[in-house]
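My request is simple: use the sequences and hints to build the entire structure.
In case you want the letters, here they are:
Number of protein chains: 2
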Amino acid sequence: MIVPYLIQFAQHIDNRGTLIFGEVGSELPFTVKRAFWILHASSLATRGGHAHNECHQFLIALKGSVLVETNIASYTLASPHIGLYVPPKNSITLSEFAKDSIILVLCSHKYDKEDYIYDQIC
Amino acid sequence: MIVPYLIQFAQHIDNRGTLIFGEVGSELPFTVKRAFWILHASSLATRGGHAHNECHQFLIALKGSVLVETNIASYTLASPHIGLYVPPKNSITLSEFAKDSIILVLCSHKYDKEDYIYDQIC
Numbered sequence: 728m729i730v731p732y733l734i735q736f737a738q739h740i741d742n743r744g745t746l747i748f749g750e751v752g753s754e755l756p757f758t759v760k761r762a763f764w765i766l767h768a769s770s771l772a773t774r775g776g777h778a779h780n781e782c783h784q785f786l787i788a789l790k791g792s793v794l795v796e797t798n799i800a801s802y803t804l805a806s807p808h809i810g811l812y813v814p815p816k817n818s819i820t821l822s823e824f825a826k827d828s829i830i831l832v833l834c835s836h837k838y839d840k841e842d843y844i845y846d847q848i849c
Numbered sequence: 728m729i730v731p732y733l734i735q736f737a738q739h740i741d742n743r744g745t746l747i748f749g750e751v752g753s754e755l756p757f758t759v760k761r762a763f764w765i766l767h768a769s770s771l772a773t774r775g776g777h778a779h780n781e782c783h784q785f786l787i788a789l790k791g792s793v794l795v796e797t798n799i800a801s802y803t804l805a806s807p808h809i810g811l812y813v814p815p816k817n818s819i820t821l822s823e824f825a826k827d828s829i830i831l832v833l834c835s836h837k838y839d840k841e842d843y844i845y846d847q848i849c
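From first to last, the protein sequence lines are chains A and B.
So the first sequence is numbered by this note's numbering: it starts at 728 and just counts up by one.
So the second sequence is numbered by this note's numbering: it starts at 728 and just counts up by one.
If you are wondering where the hints come from, they were derived from the structure by calculation, not from laboratory data.
Treat the hints loosely; a few may be bogus.
Copies of the same chain are indistinguishable here, so a pair counts whether it falls within one copy or spans any two.
Here are the simulated lysine-lysine pairs, DSS-like style, with alpha carbons at most 30 Å apart [stated by the list, open to error]:
1. 816 with 840
2. 760 with 837
3. 760 with 840
Laid out in structure tokens, this is it:
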């Protein structure tokens, strides 16, 4: 089983602002077929709590921060240029959202309820 | 030439926050091979100013707002659940960034400088 790892992106900063990008074959380990973003999460909220059989995921806090607990380690995502790659079979739980956080998640597969694994041991 | 159009996403709101998602075959018109996000843009900044030969793009303001001018119309993106699909051959220019805006752009192709068209007439 491939384990999760952090991915650092280059920041392209000039007088127009900051641009951060990633693409398949370098920063992003997969082609993206689904994307979602989480807003207005309460600091008491917990999301996720499952793994995927086949779906690869990438998570990043574009604003604020979030605690991501996997089956092998915990990560606080708190930077718009450091994201977490989560390969299949690794469960993740999101909690401790900072106020007004914006969490972007990119996924390799379209939504398929059959792909979800709720056994926390995986 | 296919012209740009706005895409509205469903918002899934509960006591954990708001989740907004899109996937290929429904909300997203293409598979994503490159993603970038723009932060800390000055209200005086102008970005873009070009079209692409082959690359499809999708733009959304996850926070704040931005003016997107294409060759046929202008759009103010100011909602995290309404994005703009920009097919190839359509030029875009971004300006009037609201303070602390976060603009997400999803692209169908990896970066290729040969794909850029700087002729504003296209």
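Hint check:
1. 816 with 840: So residue 816 and residue 840 pass the 30 Å test inside one copy only (15 Å; across, 37 Å).
2. 760 with 837: Both ways: residue 760 and residue 837 sit 6 Å apart in one copy and 15 Å across, limit 30 Å.
3. 760 with 840: Intra 15 Å, inter 24 Å, cutoff 30 Å: intra and inter.
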